[in-house]
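Trainee: Those protein sequences? They're chains A and B, same order as listed.
Residue 134 in our numbering is what sits at position 134 of the first sequence, and the numbering runs on without skipping anything.
Just so we're on the same page, our numbering is the position in the second sequence counted from 1, plus 1000.
It is possible that part of the hints are untrue.
Stated by the list, open to error - List of simulated lysine to any residue pairs, SDA-like, C-alpha gap at most 25 Å:
# : chain 1 : residue 1 : chain 2 : residue 2
1 : B       : LYS1364   : A       : ILE291
2 : B       : LYS1228   : B       : ALA1357
3 : A       : LYS54     : B       : ASN1011
4 : A       : LYS54     : B       : GLU1397
5 : B       : LYS1138   : B       : ASN1097
6 : B       : LYS1173   : A       : GLN292
7 : B       : LYS1303   : A       : ARG95
8 : B       : LYS1140   : A       : ILE291
The set of hints was computed from the structure by calculation and includes no laboratory data.
All values reported here derive from a predicted model rather than from experimental measurement.
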Amino acid sequence: MPKRPAGDPAPRPKRSRTASARPAAAAGPRSSAFQRRDVAPGLSLHLDRDDRRKTNLLNVFWVGALDDEVTARAMLPNVLMRGTRRLPTLQALTRETERLYGASLSTDVRKIGERHVVQLRLEFVNDRYLPGAEPILAETIGFLREVLHEPNLGGKGGGKGRFDAEMMRQEKETHRRLIEGLINDKRSFALQRCVEESCPDEPFRRHEQGSVEDLDRIDGASMAELWRTQMSAGRIAIYFSGDLPVEEAERALAPLVEARERAAGSASPLPPLPAPRAAGSGREVIERMPIQQANLVQSYRTGIPFAERRMPGLVVGNGILGAFAHSKLFVNVREGASLCYSTGSSLERTHGMLFISSGIDAARYAEARALIEVQVEDVRAGRFTDLELDSTKRAFEARLRMLDDSPGARMDIDLAWQVNGQTCDLVRWRERLAAVTRDDVVEAFAPLAADVVYLLAPEGD
Amino acid sequence: MAFGEERTIRNDTLRETIVRRRHSSGLPVYFCAKPGFQKRYACYATHFGSVDSRFRRGGGDPVEVPDGVAHFLEHKLFESEEGNALEEFSRLGASSNAYTSFHTTNYLFSCAEGFYGHLERLIRFVQAPYFTAENVEKEKGIIGQEIRMYEDSPGWRVYFNLLAALFHDHPVKKDIAGTVETIAGITPELLMRCYETFYHPENMILFAIGDEDREEYFSRVDAMLSEKQFAPLGRLERFFPTEPAAAATRRVEEKMVVSLPRLFLGFKDVHPGLPGPDLLGRELAGEILLELIVGPATDFYRKLYEAQLIDDGFHGSHSSLADVGHSIIGGETPEPERLEEEILAEIDRVRRDGFAAEDFERQKRAMMGSTLRHFNSLEFTANHFCGYQFLGIDLFEIIDRLHALELVDLERLCREHLDPARVATSVILPRA
Chain A
1 MPKRPAGDPA
11 PRPKRSRTAS
21 ARPAAAAGPR
31 SSAFQRRDVA
41 PGLSLHLDRD
51 DRRKTNLLNV
61 FWVGALDDEV
71 TARAMLPNVL
81 MRGTRRLPTL
91 QALTRETERL
101 YGASLSTDVR
111 KIGERHVVQL
121 RLEFVNDRYL
131 PGAEPILAET
141 IGFLREVLHE
151 PNLGGKGGGK
161 GRFDAEMMRQ
171 EKETHRRLIE
181 GLINDKRSFA
191 LQRCVEESCP
201 DEPFRRHEQG
211 SVEDLDRIDG
221 ASMAELWRTQ
231 MSAGRIAIYF
241 SGDLPVEEAE
251 RALAPLVEAR
261 ERAAGSASPL
271 PPLPAPRAAG
281 SGREVIERMP
291 IQQANLVQSY
301 RTGIPFAERR
311 MPGLVVGNGI
321 LGAFAHSKLF
331 VNVREGASLC
341 YSTGSSLERT
351 HGMLFISSGI
361 DAARYAEARA
371 LIEVQVEDVR
381 AGRFTDLELD
391 STKRAFEARL
401 RMLDDSPGAR
411 MDIDLAWQVN
421 GQTCDLVRWR
431 ERLAAVTRDD
441 VVEAFAPLAA
451 DVVYLLAPEG
461 D
Chain B
1001 MAFGEERTIR
1011 NDTLRETIVR
1021 RRHSSGLPVY
1031 FCAKPGFQKR
1041 YACYATHFGS
1051 VDSRFRRGGG
1061 DPVEVPDGVA
1071 HFLEHKLFES
1081 EEGNALEEFS
1091 RLGASSNAYT
1101 SFHTTNYLFS
1111 CAEGFYGHLE
1121 RLIRFVQAPY
1131 FTAENVEKEK
1141 GIIGQEIRMY
1151 EDSPGWRVYF
1161 NLLAALFHDH
1171 PVKKDIAGTV
1181 ETIAGITPEL
1191 LMRCYETFYH
1201 PENMILFAIG
1211 DEDREEYFSR
1221 VDAMLSEKQF
1231 APLGRLERFF
1241 PTEPAAAATR
1251 RVEEKMVVSL
1261 PRLFLGFKDV
1271 HPGLPGPDLL
1281 GRELAGEILL
1291 ELIVGPATDF
1301 YRKLYEAQLI
1311 DDGFHGSHSS
1321 LADVGHSIIG
1331 GETPEPERLE
1341 EEILAEIDRV
1351 RRDGFAAEDF
1361 ERQKRAMMGS
1371 TLRHFNSLEF
1381 TANHFCGYQF
1391 LGIDLFEIID
1401 RLHALELVDL
1411 ERLCREHLDP
1421 ARVATSVILP
1431 RA
């Protein structure tokens, strides 16, 4: 949809704190792009060679449950970025990344169903592109090793230490502002409110950044303890994509994984992911704020587990409904009736939910809601043309192929499959999507049931 | 028809090569090969943006058009007699979009297969305006919703409120989409007048990037372009008001539903007639200058961060258009007035004390790395190449310009540009 960027209007993306519940998208053309090495129970390396890019990409993912530690875990990567033993401040650490030709170190947090994933991301220039003979690969990986394994804990050796109290006070305050700031982006705020209303008694209700109430329980000692537990028994997946043979990459990354105090035996267990739930009543929740545009979010339960046979039909059905510019929502609700500027649907495949999010004119709420519901019913009843079906399959095929160019996106997808206990085979996944028929879509949409209709509306209507 | 002069633009640091040929219609056509990439990307851009509100073609009286017309035209070109081009691309496995900036409107698509079919579609719909009274009215509803969406965005509001404070008359101060009031006056005739002026091949660029054969590309493009005849563009003049060096308004505030106040401190830059390459040098110098003053590696940033006056969204950025530019420093803060005082005091200090050579060299290294990183992106390469061409800048020169940059350049810019007489402040305050 035509949008307008501008010179440089939006503030630069924040270091962490780009909270985005991205749907676990689908695939790319290679069958198994990442070679997996199981280093220790719960600790794996995933390696890929890519000689097309000017930079190497390294992602460290910690995977946990959506439990009472969500807030502290969401803060962990930011706390690690506050300094190491050798580089004790954010300032010193930043200077080091600048010296390493602007190596970009950032953090991220997300949910994959009821799994909580926090991330440190490091992108740095490939040695081949550097002026003169001044390789930085080993040095940059060494730098990340320090960030992960040698945080700036008080006390000698760091083994028994705790994070500095003043630093923790600052990070907690920053995190509090981050959570309170979720209201600044009305669209994602409305989405989160709809999730809370839909899942009041499920861990999935939690926001990936956690909650302000939890902050009181967090201090330098508890954070140091969390770091030790995460490093010794947490589930960690390290992904690398760069221009060197996989064996060399494995050797180069050894400092990140070797000789850690990994607990003997297995990693601490995670609770099993829940089966998809039945829907609620289609209850309506309306909240008001002094804003210009209304945000409408409709949630549905799909009733289909991640690895189930009907999943490809559900994915294609969601595509027909609202994932593309030729989809029903865009064509009939936005273009046909001019009812909104933005509208689209997304699947949360791990938790079995579908969300439709639209920016609408509050005065036409009833009309917009009804027309959106008609689109859902039309997919369910098989009221779509062969052209809609074929276009959607073609669009997924193109999306999956282009994904091959983006190591970051491929890492995200591989991880999402892994979290669901599946091996991500993108060639097989493409074949399954390509084989979807009209009947498959209708079958997959049959259990789809409305859960909550949430409207964030301007005041006074 | 055919292509005339050819130029090869190569950069050994980036390891990229772009070939340019001028088509006989007057259109400059570019190609950049990216072996091994699955994605193909192309854009068709015109040198027509939100600031081009007063212009004249081939003598005669200057024409003045309402704010938001370039953006409106962008929306409308997606419509043809057969239907909506956005949907058509999507149905055929490509993803298309467009955007309007201060001085550019850009139409683009990406695909994995069927590249030439999509390219032909791109050229065809941009060359086939279809405006009716009915479809123009309908678009006012959609754009009205879009304007409202941006009115709820504190990041957008704090920025455009600042531009409105910095500039007296320059159209850079106007929101790119205009307002509900200004677009109300847009008619099919007005759109056609702008279209005929700015969507002329001599005022546009076609750029493609991806794993395609160069010769086939140029020969196919030639066939696609040769279907339509164009009279020469003649002389196209853009008129911009003369801006005083000082800001129009010292301070603006707005209340919104936000969790914390937001402060943008802006310094105005006025430099009419600056040649393209110098513009690029100024932009680079401006970026590094701000990094040296307020970047996360500075003592100043550390002090503010530890005092919790800022968070990690705090930053400085510099931007140069053809004749004006601006530097912005700011972010979210619990105490906008105190933060403003701190920033102004720090700028006062660096204007006196200057910078350490070591910090400057480190920033140059960082900038080199982030530039290389940006060129991973096909979209970045194509969009920025076109955008800079319209300002008379060859994007690849960024590497040489960066090497050539010296500390004295920054210190001069600092004294000249970061002048307290040119400052304005924009604040978003939480609604009670």
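Trainee: Hint by hint, note whether the structure agrees.
Mentor: Hint by hint, here is what the structure shows:
Taken as a hint, the B/LYS1364 and A/ILE291 pair is broken in the structure, with Cα atoms around 43 Å apart against an allowance of 25 Å. About 56 Å separates the Cα atoms of B/LYS1228 and B/ALA1357, which puts this hinted pair outside 25 Å; it is violated. As the CA atoms of A/LYS54 and B/ASN1011 are separated by approximately 14 Å, the hinted pair is consistent with the 25 Å bound. Of the supplied pair hints, the one linking A/LYS54 and B/GLU1397 holds, its CA atoms being roughly 18 Å apart against a limit of 25 Å.
Distance check on the hinted pair: B/LYS1138 and B/ASN1097 sit about 19 Å apart at the alpha-carbon level, within 25 Å; holds. For the hint linking B/LYS1173 to A/GLN292, the alpha-carbon distance of about 21 Å falls within 25 Å, and the restraint holds. Among the hinted pairs, B/LYS1303 with A/ARG95 is consistent with the structure: their alpha-carbon atoms are about 16 Å apart, no more than 25 Å. Under the criterion of a C-alpha separation no larger than 25 Å, the hint pairing B/LYS1140 with A/ILE291 is consistent with the structure, at around 20 Å.
Hint compliance for this structure: hints 1 and 2 are broken, all remaining hints hold.
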